[in-house]
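Generate coordinates for the entire structure from the input sequences, incorporating the hints supplied.
Chains as they are written, first to last, in our numbering: chain A, 371 to 745; chain B, 219 to 554.
A hint or two may mislead.
[As the list claims (entries may be wrong)] Coverage of chain A stretches by chain B, computed from C-beta distances (three or more under 8 Å per stretch; other residues unrestricted):
| # | region |
| --- | --- |
| 1 | 478-488 |
| 2 | 499-512 |
| 3 | 562-569 |
| 4 | 604-617 |
| 5 | 669-680 |
| 6 | 689-703 |
[To be verified] Straight line, CA to CA, 20 Å or less: simulated SDA-like cross-link-like pairs of lysine to any residue:
| # | chain 1 | residue 1 | chain 2 | residue 2 |
| --- | --- | --- | --- | --- |
| 7 | A | 644 | B | 546 |
| 8 | A | 728 | B | 453 |
| 9 | B | 482 | B | 507 |
| 10 | B | 275 | A | 407 |
| 11 | A | 728 | B | 429 |
| 12 | B | 274 | A | 572 |
| 13 | B | 550 | B | 507 |
| 14 | B | 451 | A | 681 |
| 15 | A | 728 | B | 510 |
| 16 | A | 726 | B | 550 |
| 17 | A | 674 | A | 392 |
| 18 | A | 728 | A | 716 |
| 19 | B | 550 | A | 639 |
| 20 | A | 523 | A | 494 |
| 21 | A | 523 | A | 513 |
| 22 | B | 482 | B | 516 |
| 23 | B | 550 | A | 674 |
| 24 | B | 550 | A | 718 |
| 25 | B | 447 | A | 724 |
| 26 | A | 726 | B | 541 |
| 27 | B | 274 | A | 494 |
| 28 | A | 659 | A | 397 |
| 29 | A | 582 | B | 285 |
| 30 | A | 728 | B | 261 |
| 31 | A | 582 | B | 495 |
| 32 | B | 550 | A | 719 |
| 33 | A | 726 | B | 534 |
| 34 | B | 550 | A | 453 |
| 35 | A | 728 | B | 516 |
| 36 | B | 274 | A | 569 |
| 37 | B | 451 | A | 523 |
| 38 | A | 726 | B | 261 |
| 39 | A | 523 | A | 453 |
| 40 | A | 726 | B | 289 |
Everything labelled a hint here was simulated from the structure, so no lab data went into it.
Computed from a predicted structure; not experimentally measured.
Glycine included, every Cβ here is placed at the ideal spot set by N, Cα and C.
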Amino acid sequence: MPLKTVATLEVQRLEILSPDGTVDEKLLPKVSNDLLLEMYRLMFQIRAFDERAIMLQRQGRLGTYPMITGQEATQCVPPLLLRKTDWCVPTYRGGGVYFARGMQMRYALLYWAGDDRGTHFPDGNKDMMFSIPVGTHLTQVAGLAWGEKFKGKGGVAVTYCGDGTSSKGDLHEALTFAGQFKLPVIYVIENNGWAISVPRRRQAASQTLAQKAWGYGVKGLQVDGNDALAVYKAMSEAVSRARKGEGPTLLECETYRMSHHTTADDATRYRDAKEVEAWKKRDPIARLKLFLEKRKLWDAKKEKALAAETVKWIDGEIRAYEETPAPNPLNMFADNYDRAPWHLVEQRMELEELLKFKGGAKILMELPPTEGRFP
Amino acid sequence: MSKTMAKPAAVRTLNLVQAVNEALDLAMGADERVMILGEDVGRNGGVFRATDGLWKKYGDDRVVDTPLAEIGIMGSAIGLAVNGMRPVAEIQFDGFMPSVFDQVVCHLGRIRSRSRGQLSVPLVLRAPHGGLIHAPEHHSESPEAYFCHTPGIKVVIPSTPYDAKGLLLAAIEDPDPVVFFEPKLLYRSATGEVPSGRYTVPLGKARLVQEGTDLTIVTWGAMTVTCQKAAEKLKAEDGASVEILDLRTLTPLDLDAVLASTGKTGRVVIAHEAPNTGSWAAELSALIAERNLLRLLAPIQRVGGWDVRMPLFRLEQYYIPDADRVVMAARKALRF
Numbered sequence: 371m372p373l374k375t376v377a378t379l380e381v382q383r384l385e386i387l388s389p390d391g392t393v394d395e396k397l398l399p400k401v402s403n404d405l406l407l408e409m410y411r412l413m414f415q416i417r418a419f420d421e422r423a424i425m426l427q428r429q430g431r432l433g434t435y436p437m438i439t440g441q442e443a444t445q446c447v448p449p450l451l452l453r454k455t456d457w458c459v460p461t462y463r464g465g466g467v468y469f470a471r472g473m474q475m476r477y478a479l480l481y482w483a484g485d486d487r488g489t490h491f492p493d494g495n496k497d498m499m500f501s502i503p504v505g506t507h508l509t510q511v512a513g514l515a516w517g518e519k520f521k522g523k524g525g526v527a528v529t530y531c532g533d534g535t536s537s538k539g540d541l542h543e544a545l546t547f548a549g550q551f552k553l554p555v556i557y558v559i560e561n562n563g564w565a566i567s568v569p570r571r572r573q574a575a576s577q578t579l580a581q582k583a584w585g586y587g588v589k590g591l592q593v594d595g596n597d598a599l600a601v602y603k604a605m606s607e608a609v610s611r612a613r614k615g616e617g618p619t620l621l622e623c624e625t626y627r628m629s630h631h632t633t634a635d636d637a638t639r640y641r642d643a644k645e646v647e648a649w650k651k652r653d654p655i656a657r658l659k660l661f662l663e664k665r666k667l668w669d670a671k672k673e674k675a676l677a678a679e680t681v682k683w684i685d686g687e688i689r690a691y692e693e694t695p696a697p698n699p700l701n702m703f704a705d706n707y708d709r710a711p712w713h714l715v716e717q718r719m720e721l722e723e724l725l726k727f728k729g730g731a732k733i734l735m736e737l738p739p740t741e742g743r744f745p
Numbered sequence: 219m220s221k222t223m224a225k226p227a228a229v230r231t232l233n234l235v236q237a238v239n240e241a242l243d244l245a246m247g248a249d250e251r252v253m254i255l256g257e258d259v260g261r262n263g264g265v266f267r268a269t270d271g272l273w274k275k276y277g278d279d280r281v282v283d284t285p286l287a288e289i290g291i292m293g294s295a296i297g298l299a300v301n302g303m304r305p306v307a308e309i310q311f312d313g314f315m316p317s318v319f320d321q322v323v324c325h326l327g328r329i330r331s332r333s334r335g336q337l338s339v340p341l342v343l344r345a346p347h348g349g350l351i352h353a354p355e356h357h358s359e360s361p362e363a364y365f366c367h368t369p370g371i372k373v374v375i376p377s378t379p380y381d382a383k384g385l386l387l388a389a390i391e392d393p394d395p396v397v398f399f400e401p402k403l404l405y406r407s408a409t410g411e412v413p414s415g416r417y418t419v420p421l422g423k424a425r426l427v428q429e430g431t432d433l434t435i436v437t438w439g440a441m442t443v444t445c446q447k448a449a450e451k452l453k454a455e456d457g458a459s460v461e462i463l464d465l466r467t468l469t470p471l472d473l474d475a476v477l478a479s480t481g482k483t484g485r486v487v488i489a490h491e492a493p494n495t496g497s498w499a500a501e502l503s504a505l506i507a508e509r510n511l512l513r514l515l516a517p518i519q520r521v522g523g524w525d526v527r528m529p530l531f532r533l534e535q536y537y538i539p540d541a542d543r544v545v546m547a548a549r550k551a552l553r554f
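Encoded structure:
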């Protein structure tokens, strides 16, 4: 018997808005002017926030912080396609995702300052914590989507992972479940080119990461992740398919980590500065701005006003963060179980004894009030 | 002068991470089966710089930046070791170790016995250990008990640069799998004299940090330094003579040293960073009670992290025991 072709693979890449501002009109999605401006505002503001957060860290006013710069389109645009009641789980670098979901950024600062109270989602949002052991959330998000399928109301779940994480077994198992049970889930691979010091080409010998979807019966697409319009279109189609019960999608958004892995890293040890320079020309914010200007939706005056508003907003968030009183050490015993077992009751008293040993009998009266539930 | 004549070892002051680096360098230079694999261990030299310079010296085939996949690192290290290599695998942070448990629990410690001694797994799994460096979530864990609980593997944790180098060389040369924890708080803060050449510190032998007669503190890792501070305070304020035992190897345990010291003083504090429930301190407490009961003068005191998850770093100094907590426990034993 001759060999037969039993399956073929054709990976498409979506780019609508090129770096020079020209647009493929045929591919252009329907987006209202208001939404275009909202995309731009989110991306502009999260970049400014990121720059200030890095400064805070360098001044010793923040702990280790993972930079967002360069990835604004991939992070800020997908949440615009979601309802508050859709699930959304970013990566630890996903400050832009949380911001676009409506989170107050004072909480992001608190979190990176080592304060557990920084995990604080807006009321009514179905957000979940990112996983620092990367990729361990991917199967959980399949479960979240599975729950939405049971509820039958068209709810979807969206999650992110990096190009590095795409090497982990977790993605294999998540896509296996997503494809097998036709789950309403969208996996966004935020391919920023680098997993700390390891470049994308060293993660997998496969030509694209999008093509991993094929192995699991999942629809896959590569997207220019620095093109807000392409991200919007790809995401809108993926969400619409998921809502209609047509199954999961994997989007590989190609973007670039413009900065170090975190403030604790030094990318100059392993990365060619020329590569960074080349990616500057593909900047997602500059590209969208060019588009808005051509459509007469944006000008220098509006930019100046947005910049001024942004400084005021960030100042306010930093003030709110820095004015948050120190946490009461006893907080760590709260919310561990629905009802605290005997040994935690005992250990909480032991910690009180320690605090008195250090600060005298009055110390417990002087501490800020405890937060959280300790029944 | 004969080429084979060894130069006398120069003694320099190194920190703990430099000592680890030197041990890896010597092992790779002496035995070409030794190779390193892990995330960011190559070009970047490791996130703590433990493998700094080795990629340049030994090349891309022997110092391997792997894809980001801990199960891949662990499983392939097992295969490499079974097939005659001497892999030293690095898991970047203690909090990323749980994903390798399937390989560790189901295979790493079982291959020798399952193959009836025909196969062995001479690998070292290195990972930074413990808290107090203001690191993000899942970067400050103390998972040693999970590994100690698993038969067939050895678990080592040094607290001085001298021991770090000697124990790591012994671990690499050991015919069985060794999990090698490195207290990240001590990477740069612990400095000490280290001879330049090859030497080993035997696995399974505790270090007597200081002699005393009233109370024994059994400890390991970065907590050793905390216990030394506590002992100074107990000496100054209580006139107590404290003996400190740094276990260095958790399994196989130096039980003789533990029983000799606790039998001599009759009062025991066991101090470590992990939560007490199901911990290595619990095992030690049981062994001391089982074998030294009639020599004890007070109940054994365990000082560990609380039985809650490691909080984010603003509260870590209230979670990981400090010298005050060790002093409080010691006083309970002394005043019993």
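Cross-check of the supplied hints:
1. With 7 residues having a Cβ less than 8 Å from any Cβ of chain B, the region 478-488 of chain A passes the three-residue criterion, so the hint holds.
2. Coverage of the region 499-512 of chain A by chain B holds. Counting CB-CB distances below 8 Å, 4 residues qualify, and the rule asks for three or more.
3. With 4 residues having a beta carbon nearer than 8 Å to a beta carbon of chain B, the region 562-569 of chain A meets the requirement of three or more and the stated coverage holds.
4. Counting residues of the region 604-617 of chain A whose C-beta sits closer than 8 Å to any C-beta of chain B gives 0, which falls short of three, so the coverage hint is violated.
5. Counting residues of the region 669-680 of chain A whose CB lies closer than 8 Å to any CB of chain B gives 0, which falls below the minimum of 3, so the coverage claim is violated.
6. Under the rule that three or more residues need a Cβ within less than 8 Å of chain B, the assignment of the region 689-703 of chain A holds, with 6 such residues.
7. At most 20 Å may separate the alpha-carbon atoms for a hinted pair to count; residue 644 of chain A and residue 546 of chain B exceed this at roughly 58 Å.
8. Distance hint between residue 728 of chain A and residue 453 of chain B is fulfilled; the C-alpha atoms sit about 19 Å from each other, no more than 20 Å.
9. Proximity of residue 482 of chain B to residue 507 of chain B is assessed by CA-CA distance (about 14 Å); at most 20 Å being required, the pair is judged to hold.
10. Between residue 275 of chain B and residue 407 of chain A the alpha-carbon distance is near 53 Å, which puts this suggested pair outside the 20 Å criterion.
11. Restraint check for residue 728 of chain A and residue 429 of chain B: not satisfied, since their Cα atoms lie roughly 28 Å apart, outside the 20 Å limit.
12. Simply put, residue 274 of chain B and residue 572 of chain A have alpha-carbon atoms about 18 Å apart, close enough for the 20 Å limit, and the pair holds.
13. Proximity of residue 550 of chain B to residue 507 of chain B is assessed by CA-CA distance (about 17 Å); at most 20 Å being required, the pair is judged to hold.
14. Restraint check: the Cα-Cα separation between residue 451 of chain B and residue 681 of chain A comes to about 50 Å, which exceeds 20 Å; the hinted pair is violated.
15. For the hint pairing residue 728 of chain A with residue 510 of chain B, the CA-to-CA distance comes to about 34 Å; that exceeds 20 Å, so the pair is violated.
16. About 16 Å separates the Cα atoms of residue 726 of chain A and residue 550 of chain B, which keeps this hinted pair within 20 Å; it holds.
17. Note on residue 674 of chain A and residue 392 of chain A: the hinted pairing is violated, with a Cα-Cα distance of about 24 Å set against a maximum of 20 Å.
18. Distance check on the hinted pair: residue 728 of chain A and residue 716 of chain A sit about 19 Å apart at the alpha-carbon level, within 20 Å; holds.
19. As the CA atoms of residue 550 of chain B and residue 639 of chain A are separated by approximately 51 Å, the hinted pair breaks the 20 Å bound.
20. With a C-alpha separation of about 16 Å, the suggested pairing of residue 523 of chain A with residue 494 of chain A holds against the 20 Å cut-off.
21. With a C-alpha separation of about 16 Å, the suggested pair residue 523 of chain A and residue 513 of chain A falls inside the 20 Å cut-off, and the hint holds.
22. Under the criterion of a C-alpha separation no larger than 20 Å, the hint pairing residue 482 of chain B with residue 516 of chain B is consistent with the structure, at around 13 Å.
23. Taking the CA atoms of residue 550 of chain B and residue 674 of chain A, the gap is near 66 Å; set against the 20 Å cutoff, the hint is violated.
24. For a cut-off of 20 Å, the pair hint linking residue 550 of chain B to residue 718 of chain A stands: about 18 Å separates their Cα positions.
25. Distance restraint check for residue 447 of chain B and residue 724 of chain A: the Cα-Cα separation of roughly 17 Å lies within the 20 Å cut-off, and the hinted pair is therefore satisfied.
26. A hinted pair counts as satisfied when its Cα atoms are at most 20 Å apart, and residue 726 of chain A with residue 541 of chain B qualifies at roughly 15 Å.
27. Restraint check: the Cα-Cα separation between residue 274 of chain B and residue 494 of chain A comes to about 53 Å, which exceeds 20 Å; the hinted pair is violated.
28. Restraint check: the Cα-Cα separation between residue 659 of chain A and residue 397 of chain A comes to about 19 Å, which is no more than 20 Å; the hinted pair holds.
29. A hinted pair counts as satisfied when its Cα atoms are at most 20 Å apart, and residue 582 of chain A with residue 285 of chain B qualifies at roughly 16 Å.
30. The suggested pairing of residue 728 of chain A with residue 261 of chain B is violated, with an alpha-carbon distance near 46 Å, which exceeds 20 Å.
31. Restraint check: the Cα-Cα separation between residue 582 of chain A and residue 495 of chain B comes to about 42 Å, which exceeds 20 Å; the hinted pair is violated.
32. Taking the CA atoms of residue 550 of chain B and residue 719 of chain A, the gap is near 16 Å; set against the 20 Å cutoff, the hint holds.
33. Pair hint residue 726 of chain A plus residue 534 of chain B holds up; C-alpha atoms about 18 Å apart against a cutoff of 20 Å.
34. A distance of roughly 57 Å separates the Cα atoms of residue 550 of chain B and residue 453 of chain A; the hinted pair therefore is violated under the 20 Å criterion.
35. In summary, the hint linking residue 728 of chain A to residue 516 of chain B is not supported, as the alpha carbons are separated by about 25 Å, beyond the 20 Å threshold.
36. With a CA separation close to 18 Å, the supplied pair residue 274 of chain B and residue 569 of chain A stays within the 20 Å bound.
37. Simply put, residue 451 of chain B and residue 523 of chain A have alpha-carbon atoms about 64 Å apart, too far for the 20 Å limit, and the pair is violated.
38. For the hint pairing residue 726 of chain A with residue 261 of chain B, the CA-to-CA distance comes to about 49 Å; that exceeds 20 Å, so the pair is violated.
39. The suggested pairing of residue 523 of chain A with residue 453 of chain A holds, with an alpha-carbon distance near 12 Å, which does not exceed 20 Å.
40. Restraint check: the Cα-Cα separation between residue 726 of chain A and residue 289 of chain B comes to about 45 Å, which exceeds 20 Å; the hinted pair is violated.
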